[in-house]
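Spelled out, the chains give:
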Amino acid sequence: MAKETIALTPAMPKCWNPDSKPHKFCPGCGHGLTLKMLGQAIDELGIQDKVIFGCDIGCSLLSWDFFNVDSVQTHHGRTTPVITGIKRARPELIGIAYMGDGGGYAIGAQHLVNAATRNEKITAILINNTNYGMTGGQMAPTTLPGQITETTPFGRDPEDSGYPTMGPEMVAAIAREGAYVARGSMANLRQLKRFLKKALENQMEGNGFSFVEVLSSCPTNWRTNAEATWRFVEKDMAEHFPVGEFKVPGKKEEK
Amino acid sequence: MKEKPVKGERRVFMTGNEVCAWAALAADADIMFGYPITPQTDIMQYWTRLAPKYGKKFLQTEDEISAGFTTLGAVIAGKRAFSATTGPGNVLFQEPMSMAEMMRIPVVLIIPMRGGPSTATVIYSQQEVTMTAFGGNGEGFRVVYSTAGHQDLYDYTIKAFNTAWKYRFPTFVLSDGYQGKMRESLTIYDPAERGIEMVKAEPMLGLPGIPGVDRPTRHLRNTYNTEEELYEVVMQIARDFEKAAPEIVEWQDFDTDSEMDVLILAHGVVSRAAQGALPLLKNEGIKAGHFRPITLRPMPEEQMRAAAARANRVVVVESAYGQFLKLVKETLYGMDKPIDAILRPGVGITAEEIVAEIKERR
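Those protein sequences? They're chains A and B, same order as listed.
So the first sequence is residues 1168 to 1422, counted in our numbering.
So the second sequence is residues 9 to 370, counted in our numbering.
Just so you know, these hints were derived from the structure itself, not from any lab.
One or more of the hints may lead you astray.
[Unchecked claim] Keeping only pairs whose Cα atoms sit at most 35 Å apart, straight-line, the calculated DSBU-like set for lysine-lysine is:
no., chain 1, residue 1, chain 2, residue 2
1, A, K1364, B, K65
2, B, K208, A, K1181
3, B, K174, A, K1217
4, B, K337, B, K295
5, A, K1203, A, K1364
6, B, K15, B, K61
7, A, K1217, B, K65
Chain B extracted, bound-state conformation:
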């Protein structure tokens, strides 16, 4: 029996990127493939220091395209493989992720978002929401967790492996450069001791026996000859995704039980500012609540609509120019509800700024 990297429970003070490496270890990931890009690189750096102690592997590839496809190769061969990237690297990752979407290859990708478009900043943003949720030439058959702190990073990185392998959709953990680079307190734990059983990674190819003689040959493909043939395949994926969605969706709500003047919608680390704004708004005599989708894909639609129904208006706050806003508009479609937005592409947002904006726009 190999030694467990995390035993029992331990209180730690770590950067978010270090947390991700520990979480992947705790989730018993076998191998990581990656390519350096700020602010993701230290996930790899921690992994390369920790992994050999526990018999785990790493390969630094020639680019993110290769990192994505080598990861898929290892998953196909039956390993719990993962990668991490951001920004322009996330762009290159869309090709392998679209293959994963089509071929139902479970894969975990951690994304500490940096500024965009293009090279932009290496610091922070929430500008990779659209690409992560709907990128590639696909249909968005993906699971996207948006984390709001280091405990989330630990919990949801572990969970991402089980979601990916249980439902067989590419699963993403959205972090951001602030979380990746800053330290925060959290509890790391052995998932087994909390009753979390890791879904077994089964090989898709390379099974025992002679193919075609002892067992059927596995022929994996993502190419189809006719429109109708493709339609059947895609619709099956769509049905599976719709069926899994209610089991996957996660959210948090704050002060949304009674009637509100305003409902703040925010995800990821911006949710922390929204949570901080609530008592300040209360002091100003404004009845405010906050709804945070943890899964951006699939979106907790019913729950967000229910919260919005109790508010006079909603305000979307994000560090992007309307990427989350689009998802909110789609979710709240048909509701007679004014939607306002505080959009700060590539810039952090404080509780005080949210309060000031909400007061000004009353």
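In isolation and in its complexed conformation, chain A is listed as follows:
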């Protein structure tokens, strides 16, 4: 007889792929929680059979088989155009482009800017963890001033290496009416789920580009314990990157 399962299976969103669980993200990483909220949003909207999930390069690629939704892993920065192509070809599908801050704000910045400008009817979700996690903790476009990374070993000096990219602020400035733009945080999951759900609904309604940046943790590369990790996400990052909605079609933003 097969070995008995003694541990209880934790509650997972219905659209998660149980075969790829436990997932491959580091302990304490914010990807898992974000993808849990995204999974719940997909379940609640009942769109598992319509979603095409695209993931980028970097830690986000570890989500290539995360969901039981049709998925495609692309190249670094190129998830936005791949999902754009899918959505243009089959507008009835719901395209999600899932990427990190390097993919969205550095190597694929032109795609994010132009998809937002054209008001592509896709949903882009970007994990901001202030560094390049997969390659071992180098400076990202979102690294905070003074923050130590492998390529800013003495702290990021904005004079020398620039200021952090303010993604949702930029996207909100260039996107037209119909776009949905927000910044959520793993420190407030209920709000994050609301933002993700609205970003998907906005695409389903055919309004325009939807973009959610997620403040997320990277204790492995930050070299922080639980307390310091949480403090960095909840306090330090939120001070630089205000959480809230930046653009809501026809409605008031939630601050």
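Go by the hints and put chain B onto chain A.
Showing chain B alone in chain A's frame:
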């Protein structure tokens, strides 16, 4: 039933770029993505004028990287999508084309070659052979048709869609700026009326039913965890490519049946000069033949070797500094055959020039 863009057969006088747009329409391509670059741009311009009449779509992207990846997205979603580019745009296209190679995403890219390296000229060359056949961080699992005139452009653009979708390798139609910009007579036709059936474009993602419940979930990737895992994947692609190669290769030969003093090897529009040189050489008392590979990848190896075996020497002629020559050397490896070359990077070559060079080097 939607209206067919090309009905029956029609004699036309068009630029090569216009021919490509008509061929893509006739092949029932659904959508084109592209970015302007000379001398490719008018393929897009003709497409954007013609496509809406037949319910077909277009998107002008922010760059060629995006044009390549949006094309792949549309193919993944089940559409017959294509693009066109050249020169520095072809450089940027290598990234999406390497993904297509790895993930077996069928895609058609039309390339009217311009001068290189770098920005160089917007006019003409055959300098994109190496990049098109072997570019990206890949292994050259690609199909490359090299066209020598407007009828070729029509025939092989249609054929490229079927080759790509049948064998699932990225498929390229090499043209050049001369062909793209000049007019020539040709016959355009409805492929169906010639018995050419278009291979159906099936979606790789977005199939009916709830994934994981009604059917297995499709998870497409190009990332692997171990060397061995990757090795198995790449070797499978290699075996598929080797198996398909004999079915894909195409060539033309001219006066190669008997013993020759010299065999001229040329591809693309330079083949037209080589064909023109044959009667001139005959008048000079030189027994010459010409072999033209239509597919540069895979190369018609057996056929080229057989032709070369009947010649005392071979002369490679190309508008590049030895890109085709390298392919010829690889193909003829082990044969005791002198190989000479007329290399004119970025410059056109006439029949008279070939004759003069061959006489001089006798």
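Status of each hint after checking the structure:
no.: 1; hint: A:K1364 to B:K65; verdict: holds (30 Å)
no.: 2; hint: B:K208 to A:K1181; verdict: holds (34 Å)
no.: 3; hint: B:K174 to A:K1217; verdict: holds (27 Å)
no.: 4; hint: B:K337 to B:K295; verdict: holds (22 Å)
no.: 5; hint: A:K1203 to A:K1364; verdict: holds (12 Å)
no.: 6; hint: B:K15 to B:K61; verdict: holds (15 Å)
no.: 7; hint: A:K1217 to B:K65; verdict: holds (22 Å)
Going down the numbered hints, you'll see the structure goes against none, and every one checks out.
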